[in-house]
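Following the hints, position chain B against chain A.
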Amino acid sequence: MGLAKLNSLYREVILDHSDHPHHKCHLDDVSKEIELKNPTCGDVINLEIELTDDDVIKNIGFTGEGCTISQSSASMMTDAVMGKSKDEALKMAKTFSDMVIGKQHPQADLDELEDAAILSSIMSFPARIKCATLAWWALQRALLNQTGTGEG
Amino acid sequence: MDTKINNHLADFPILNQEVNGERLVYLDNAATAQKPLAVTESLNHFYQTDNANVHRGVHTLAERATEAYEEARDKVQHFINAAEPAEVIFTKGTTDGLNLIASTYGEQNIIAGDEIVISITEHHSNLIPWQQLAIRKHATLKYIGLTEDGELDLVDAAKQITNHTKIVSVAHASNVMGTINPIAELAQLAHAHGAIMVADGAQAVPHVAVDVQALDVDFYAFSGHKMMGPTGIGALYGKRELLERIKPYQFGGEMIDFVHQQDSTWTQLPWKFEAGTQNIAGAIGLGAAVDYLTDIGMNQVAAHEQSIVDYLLPKLVADEDLEVYGPHDPAKHTGVIAFNLKGVHPHDVATALDMEGVAVRAGHHCAQPLMAYLNLVATARASFYLYNTQEDADALLAALAETKEFFNHGTGEVK
Numbered sequence: 001m002g003l004a005k006l007n008s009l010y011r012e013v014i015l016d017h018s019d020h021p022h023h024k025c026h027l028d029d030v031s032k033e034i035e036l037k038n039p040t041c042g043d044v045i046n047l048e049i050e051l052t053d054d055d056v057i058k059n060i061g062f063t064g065e066g067c068t069i070s071q072s073s074a075s076m077m078t079d080a081v082m083g084k085s086k087d088e089a090l091k092m093a094k095t096f097s098d099m100v101i102g103k104q105h106p107q108a109d110l111d112e113l114e115d116a117a118i119l120s121s122i123m124s125f126p127a128r129i130k131c132a133t134l135a136w137w138a139l140q141r142a143l144l145n146q147t148g149t150g151e152g
Numbered sequence: 001m002d003t004k005i006n007n008h009l010a011d012f013p014i015l016n017q018e019v020n021g022e023r024l025v026y027l028d029n030a031a032t033a034q035k036p037l038a039v040t041e042s043l044n045h046f047y048q049t050d051n052a053n054v055h056r057g058v059h060t061l062a063e064r065a066t067e068a069y070e071e072a073r074d075k076v077q078h079f080i081n082a083a084e085p086a087e088v089i090f091t092k093g094t095t096d097g098l099n100l101i102a103s104t105y106g107e108q109n110i111i112a113g114d115e116i117v118i119s120i121t122e123h124h125s126n127l128i129p130w131q132q133l134a135i136r137k138h139a140t141l142k143y144i145g146l147t148e149d150g151e152l153d154l155v156d157a158a159k160q161i162t163n164h165t166k167i168v169s170v171a172h173a174s175n176v177m178g179t180i181n182p183i184a185e186l187a188q189l190a191h192a193h194g195a196i197m198v199a200d201g202a203q204a205v206p207h208v209a210v211d212v213q214a215l216d217v218d219f220y221a222f223s224g225h226k227m228m229g230p231t232g233i234g235a236l237y238g239k240r241e242l243l244e245r246i247k248p249y250q251f252g253g254e255m256i257d258f259v260h261q262q263d264s265t266w267t268q269l270p271w272k273f274e275a276g277t278q279n280i281a282g283a284i285g286l287g288a289a290v291d292y293l294t295d296i297g298m299n300q301v302a303a304h305e306q307s308i309v310d311y312l313l314p315k316l317v318a319d320e321d322l323e324v325y326g327p328h329d330p331a332k333h334t335g336v337i338a339f340n341l342k343g344v345h346p347h348d349v350a351t352a353l354d355m356e357g358v359a360v361r362a363g364h365h366c367a368q369p370l371m372a373y374l375n376l377v378a379t380a381r382a383s384f385y386l387y388n389t390q391e392d393a394d395a396l397l398a399a400l401a402e403t404k405e406f407f408n409h410g411t412g413e414v415k
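So the protein lines, in turn, are chains A and B. Each residue of the first sequence is one higher than the last, beginning at 1 in this note's numbering. Each residue of the second sequence is one higher than the last, beginning at 1 in this note's numbering.
Chain A with its partners taken away, still in its complex shape:
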């Protein structure tokens, strides 16, 4: 069974998140919003964030279409950053982007990512790294007030 190799990528927790994504919804109160596309495949994520007055993520939701990896990554990202400050969330986005290309980070940083840390397995599937990073890129760009056009 050649596809046994796929188990290293499509772990149960990843399939759970893609089948039943968390926070896949629109928000009533939106402080930051962004639509980001992965131009190589057409995947789209729309991210909405509600911030408190002192820049803490009070609520976050995403909509859009994409593959198992991009959907589960978005779901795991929203879990991980809920309740975090803007600066903490940006640091997590950096940790995630580094992790998927094999850069080392202290275990404490990876633990912060919660379920999302499991996507380090994407390293073995270079063509799919962009699928995993799309949601984190959207988070970073939205928090930094960057536009959604261009590279995803």
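Hints listed in this document are in silico derivations from the structure and should not be mistaken for laboratory results. Heads up, a few of these hints could be off.
DSS-like, lysine-lysine: derived pairs with alpha carbons at most 25 Å apart [said to hold, decoys possible]:
#1 B/K404 <-> A/K5
#2 B/K342 <-> A/K5
#3 A/K32 <-> A/K86
#4 A/K84 <-> A/K103
Structure of chain B alone, referenced to chain A:
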């Protein structure tokens, strides 16, 4: 299966390898084709024995290089049945050829209020040059739609092409729908309204016999790399009368006649459109690819691919878990087969198939307006060529069955 063609498998050493522990089954030929030894050896031979710049030197190597380069042009001329070699301009590829027409004929002839008509299935390379030209000139870009089974709608074409239409540009074969478009009929329609007919032959020239005079196209662009030639080389056919009339848009060495301080005159066809040192080795490699295909025979190539489609397409269509795009009648379908596995994103499908050694494309296939028209985000696409076999089709079917099992029912630790 045709033994003559299967004998050719040995000409493609790249296919004799394993990827991810499985036999490589290369089904991404619509993106680029593999190269036979005859092509790679022609490149080596040129660089190791004849390399020199063309049309310039008087020394022996320059003579040989020029002869080989122009001989390649003659081969391409005969391959597509152009009336004379001067009607064949070497380009970087289809995209370059289509941009050349938009930037010369288009730039010099389109005015505000004119119409340019393309089809909804166009690859971005036969869409954006016209779209941007229309924006620059305040012209209108119109689209021919599809029939219910995914073929170009000739009834709609007759509505879209009017007396305001100056250019009609349509792919000869679709890179998504697996259809051959009725270029001769479209050319007739275009000409009846005083428009010129341009065809994008990127997906046709490698797979079927093309006769530009029978099609009566005014321009015809295609790429070398999809027909087993090197990357970075292609050809643009144009009728002499039109090529004579349009002004070049790239200037420099090779394309001039006389250069004065304040003005210049242009050399004759086809060199008027070949400014600067061209991809000489690429052209010679393309000539070798033409020889290779001619030796087998394009009718033989087409028949072989059709035999695989006849075998595979009905099996894919019969599978209720698959959505197959384009006509479901194998007689109307080329070896380009776009599909989706219901409930599984095509990227996930392509990764799973890759683990089984089967290389397919997943994505929007550089045809975003078509994807939107079909209400799709992306599809998977398997595309066949003359070195593919029924065994390759079976490998795709088996890998799809495993992929389905993996994502829908689960193996290993997956639920």
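*25 Å limit on alpha-carbon distance, applied to hinted pair B/K404 and A/K5*: holds (15 Å)
*Sort out whether A/K103 lies within 25 Å of A/K84, counting only the CA atoms.*
Holds, at roughly 23 Å.
*Does A/K5 lie within 25 Å of B/K342 when you go C-alpha to C-alpha?*
holds (22 Å)
*For the pair supplied as a hint, A/K32 and A/K86, confirm whether the alpha-carbon distance does not exceed 25 Å.*
The given pair, whose Cα atoms are some 11 Å apart, holds under the 25 Å limit.
The earlier numbered hints are all upheld by this structure, with none contradicted.
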